[in-house]
Amino acid sequence: MDDMTSLTFLAALVGAAWRLATPLIFASIGEVFSERAGVLNIGLEGTMLVGAFCGFAAASATGNIPLGLSAGVAGGMLFGLVFAFFTITIKADQIVVGAALNLLGMGLTAFLFRTYYVSTGKGIEIAQPVHIPWLSDLPFLGEAFFRQNLIVYSTILVAIVATLVLYRTSFGLTLRAVGEHPKAVDVAGRSVVGYRYAAVLVGTGLAGLGGAFLTLGHSNQFVEGITSGRGFIALAVVVFARWSPIGAFFVSLLFGLFYALQLMLQAQASIVVPYQVLQALPYIMTIVTLVAFRGKGAAPSKLGQPYEMR
Amino acid sequence: MAEINQGVRETVNSQAAQAFYRTLSQAAISALTPIAAVLVALAFGALLLWLNGFNGSDVVTVMVFGSFQDIRSVGEILLKATPLILIGAGLCVAFRCSIWNIGAEGQLYVGAIAATLVGTSIDGLSVWVHAPLVMLAGALAGAAWAGIAGYLKVRFQASEIVTTIMLNYIALILTSYLVTGPMRDASAAYPQSARLVREAWTPRLVTDLRLHIGILVAVVLAVALYIFLRRSSRGFALRVVGLNPHAARYAGMNVARNIMIAMCISGAMAGLAGAFEVAGVTRRLYQNISPGYGFEGIAVALLAGNNPLAAILSGGLFATLRSGSEVLQITSQVPQVLVLVIQGIVILSVVAFAKLRDILRTVA
Numbered sequence: 001m002d003d004m005t006s007l008t009f010l011a012a013l014v015g016a017a018w019r020l021a022t023p024l025i026f027a028s029i030g031e032v033f034s035e036r037a038g039v040l041n042i043g044l045e046g047t048m049l050v051g052a053f054c055g056f057a058a059a060s061a062t063g064n065i066p067l068g069l070s071a072g073v074a075g076g077m078l079f080g081l082v083f084a085f086f087t088i089t090i091k092a093d094q095i096v097v098g099a100a101l102n103l104l105g106m107g108l109t110a111f112l113f114r115t116y117y118v119s120t121g122k123g124i125e126i127a128q129p130v131h132i133p134w135l136s137d138l139p140f141l142g143e144a145f146f147r148q149n150l151i152v153y154s155t156i157l158v159a160i161v162a163t164l165v166l167y168r169t170s171f172g173l174t175l176r177a178v179g180e181h182p183k184a185v186d187v188a189g190r191s192v193v194g195y196r197y198a199a200v201l202v203g204t205g206l207a208g209l210g211g212a213f214l215t216l217g218h219s220n221q222f223v224e225g226i227t228s229g230r231g232f233i234a235l236a237v238v239v240f241a242r243w244s245p246i247g248a249f250f251v252s253l254l255f256g257l258f259y260a261l262q263l264m265l266q267a268q269a270s271i272v273v274p275y276q277v278l279q280a281l282p283y284i285m286t287i288v289t290l291v292a293f294r295g296k297g298a299a300p301s302k303l304g305q306p307y308e309m310r
Numbered sequence: 311m312a313e314i315n316q317g318v319r320e321t322v323n324s325q326a327a328q329a330f331y332r333t334l335s336q337a338a339i340s341a342l343t344p345i346a347a348v349l350v351a352l353a354f355g356a357l358l359l360w361l362n363g364f365n366g367s368d369v370v371t372v373m374v375f376g377s378f379q380d381i382r383s384v385g386e387i388l389l390k391a392t393p394l395i396l397i398g399a400g401l402c403v404a405f406r407c408s409i410w411n412i413g414a415e416g417q418l419y420v421g422a423i424a425a426t427l428v429g430t431s432i433d434g435l436s437v438w439v440h441a442p443l444v445m446l447a448g449a450l451a452g453a454a455w456a457g458i459a460g461y462l463k464v465r466f467q468a469s470e471i472v473t474t475i476m477l478n479y480i481a482l483i484l485t486s487y488l489v490t491g492p493m494r495d496a497s498a499a500y501p502q503s504a505r506l507v508r509e510a511w512t513p514r515l516v517t518d519l520r521l522h523i524g525i526l527v528a529v530v531l532a533v534a535l536y537i538f539l540r541r542s543s544r545g546f547a548l549r550v551v552g553l554n555p556h557a558a559r560y561a562g563m564n565v566a567r568n569i570m571i572a573m574c575i576s577g578a579m580a581g582l583a584g585a586f587e588v589a590g591v592t593r594r595l596y597q598n599i600s601p602g603y604g605f606e607g608i609a610v611a612l613l614a615g616n617n618p619l620a621a622i623l624s625g626g627l628f629a630t631l632r633s634g635s636e637v638l639q640i641t642s643q644v645p646q647v648l649v650l651v652i653q654g655i656v657i658l659s660v661v662a663f664a665k666l667r668d669i670l671r672t673v674a
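Going down the list, the sequences are from chains A and B. Those letters in the first sequence? Residues 1 to 310, per the numbering used here, in order. Those letters in the second sequence? Residues 311 to 674, per the numbering used here, in order.
Mixed in with the good hints there might be a few duds.
Listed below are the simulated BS3-like cross-link pairs for lysine-lysine, each with C-alpha atoms no more than 30 Å apart in a straight line [said to hold, decoys possible]:
| no. | chain 1 | residue 1 | chain 2 | residue 2 |
| --- | --- | --- | --- | --- |
| 1 | A | Lys302 | A | Lys91 |
| 2 | B | Lys665 | A | Lys122 |
| 3 | A | Lys302 | A | Lys183 |
| 4 | A | Lys183 | A | Lys91 |
| 5 | A | Lys183 | B | Lys665 |
| 6 | A | Lys91 | B | Lys665 |
Label-pair restraints from in silico Cβ distances [as the list claims (entries may be wrong)]:
| no. | chain 1 | residue 1 | chain 2 | residue 2 | range |
| --- | --- | --- | --- | --- | --- |
| 7 | B | Tyr500 | A | Gln268 | 25 to 33 Å |
| 8 | B | Ala566 | A | Tyr117 | 47 to 55 Å |
| 9 | A | Arg242 | B | Tyr500 | 41 to 49 Å |
To be clear, the hints were calculated from the coordinates, so they are not data collected in a lab. Glycine included, every Cβ here is placed at the ideal spot set by N, Cα and C.
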C-alpha cells in the first residue's frame, strides 16, 4: 500500500468508525442518564431492538425517515415505561427485569418481523449522506467527517445537550443527586420516583433512537438480532466513560473504530488472520475495557438499588 | 392445675396447628406463584397471536399439549428438558449467590467444543470410560469459561453481566472458527466437525428413542445442588454472600472464593449440557448447536425461584412449550420465536406476583 491509498483507507476507516459508533453513542449517553439516577438498565439490548424494529416498520409504511426515527424513540420509551414500572414502582430487581426485557425485545421483534415482513424482503430508503459544502471536499477530513448523514452529525449535538442538561441545569443536578443520595432529594421535596422515571425514559428513548439508526441510517433492512450485542457493549462504554456523556461519545467512537476495522480488514484479501478474530474484536475489547478502566469510585453510589421511602 | 395444663396444651396445639396452616398456605402460595405466572404469560401469548390474526386460544392449546402425541414426542420433550434442567439448576446456585451469570450459552458452546475434542481425538476406549470422559471435559470447559468471568469479577470488579455476555459472543465466534477451520470435517458440505467415535456417545435410555441418560444425570445433579445449597456449609456460605457480602466478609467467609465456586458450578452445568448436545444428540459440533438453551435457562431458574429442585419442573415446562412451538411452526406457521416472548412475560409475572405476595403478607 502506498501513502495515497493508505490515507484513503484511513479516511474511510474514520468515517465508518463514526457511523458505526452512532448507535452506541445514543444508547450509552442515554444509559448515562439512567445510571446517574441509580437505574441500571441491562435491558438496553432489547430496547434497541424494539427501536430498530419500530423505526423500520414506520419508515417502510410511510417512507418518512424522521417519522421512523420518532417511532424508534417512542418504541424505546414504551419499553422504558415497562422497565420503570417494574424496577421503580414495584421495586423489582433491575437485572431480572432487564433480562426479561431482552428476551421480550428479541422475541417480539422477531415474531412481528417474521409475521409481516420476512417474506416481502423489501428494504427501505435510508438517510442519505449530506455533503457539507466546501468542508466535504477537503482531502482526508472531507471523507472522514463531512460526508455523513444527518443522524450521524446529530450525535455531536446529543452529546453537548446531554452534558449541558446533566451539569448545567437544576434537572441534571437533581437527577445526579437521585443516584447518589436519593434521601436528600426526597427530603428536599422532589420526587425520587419521578426523576428516576424521567431518567429511564431519556435512556430508553435514546436507546430506541440508536436502534432506529441501525435500520434507517445504516442497513436498510431489519434483521433479527440486528443490534448484535450493542446494547451490552453500551453498558461497558458507560463504565469506561466514567458516567460522563462526553466520555461516552469518545469511548463509543473507539468502539466504532473496532467495528470499522473489523469490516474493512475483512474486505482486504491480503489479511491472513481468520475473519472470526476480527469479528470477536469488539467483544474482546469490551472485556479489556472493563478490566483496564474499572471505575468503581465513579459509579453512582445507589446504582442498582430501589429507593425505599420511609 | 389439670385444667391449666389442659389449657396450655390446647394453646400449644392451636399454635402448632396455626404454624402448620401458615406453612401450608405459604407453600401453596409459593407453588401458585409460578403457575399463575405461566398462565399470565400464555394469556399474553394468546393475545399477541389474536392481535396478529392467528387463532390465539387454539395456538396456546397446541403449544401446551401439542407435543404430547406419543412416546416419541414425550421423549423429545425430555431431550429438550435435559439442557434446560442442567443450566437452570446451575444458574439457581449462581443467582442465589447474586452472581448474574448471563453466559450459560457461551459456556454450553465451550463445553460442546471440549466434548467434541475428547470425543473425536481419542479412539479405542471402552464406552464406560469414554462417554463419562466426554461429559467431564464438557463440564470442566464450561467451568473454566465461567471462571474467566468469575476471576475478572473478584480480581478487577468487572461486571459479570457484561463479561459473561461478551464471552457468549466470543464462544460462538470460536465455534464458528473451529467448525469452518481446524475442526472442520473436510468431506462434509456443511461446516461441521468430524463425528464423535461411537464409544464417546452418551448412552441412550431407550434404544429406539433419541432420549439419552442425560435426563437422569440432570435430575440427579439438580437434586444434589438442592441439597448442597440447603444442607452444606459451603451452600450456606454461598447464600450468605448472595444476601449480604459485607456480612459474609464480617463473618469470616471468603467472598471471592464463594463467587468463584458459584460461577464455576453454573458454568460446569452449562458445559455439561453442551457435552450432552454433541455426544447425545447431534454427534457432531455445528455452528448453531443450541437454540438458545443458555438464555432460556435464566428463565428456568427464575421461574423456579432459584430452587434447583423446582428447576426440574420449570425446565420440563419450558421444554414442553418449546416442543409445542415447534409443532405450531409446522402446523400453523406461527413463528417459533413466540417462545422468547412467553419466557420474558413469565419472568416479569414471577417478579410481579412475588411483589404482590409480599404486599399481601405485610397486609395480613
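To see whether the hints hold, each was checked on the structure:
1. Of the pairs offered as hints, the one joining Lys302(A) and Lys91(A) holds, with about 14 Å between alpha carbons and a cut-off of 30 Å not exceeded.
2. Only pairs whose Cα atoms come within 30 Å are accepted, and Lys665(B) paired with Lys122(A) is rejected, the gap being roughly 45 Å.
3. Straight-line distance between C-alpha atoms of Lys302(A) and Lys183(A) comes to about 11 Å, which keeps the hinted pair within the 30 Å bound.
4. For the given pair, Lys183(A) sits about 16 Å from Lys91(A) by alpha-carbon distance, which is consistent with the 30 Å threshold.
5. Simply put, Lys183(A) and Lys665(B) have alpha-carbon atoms about 23 Å apart, close enough for the 30 Å limit, and the pair holds.
6. At most 30 Å may separate the alpha-carbon atoms for a hinted pair to count; Lys91(A) and Lys665(B) meet this at roughly 8 Å.
7. Between Tyr500(B) and Gln268(A) the beta carbons are some 27 Å apart, a value that agrees with the proposed interval 25 to 33 Å.
8. For the pair Ala566(B) and Tyr117(A), the beta carbons lie near 49 Å from each other, so the given range of 47 to 55 Å is met.
9. For Arg242(A) and Tyr500(B), the hinted distance range of 41 to 49 Å is satisfied, since their beta carbons lie about 47 Å from each other.
Comparing the model with each numbered hint stated earlier shows that hint 2 is the single one that does not hold.
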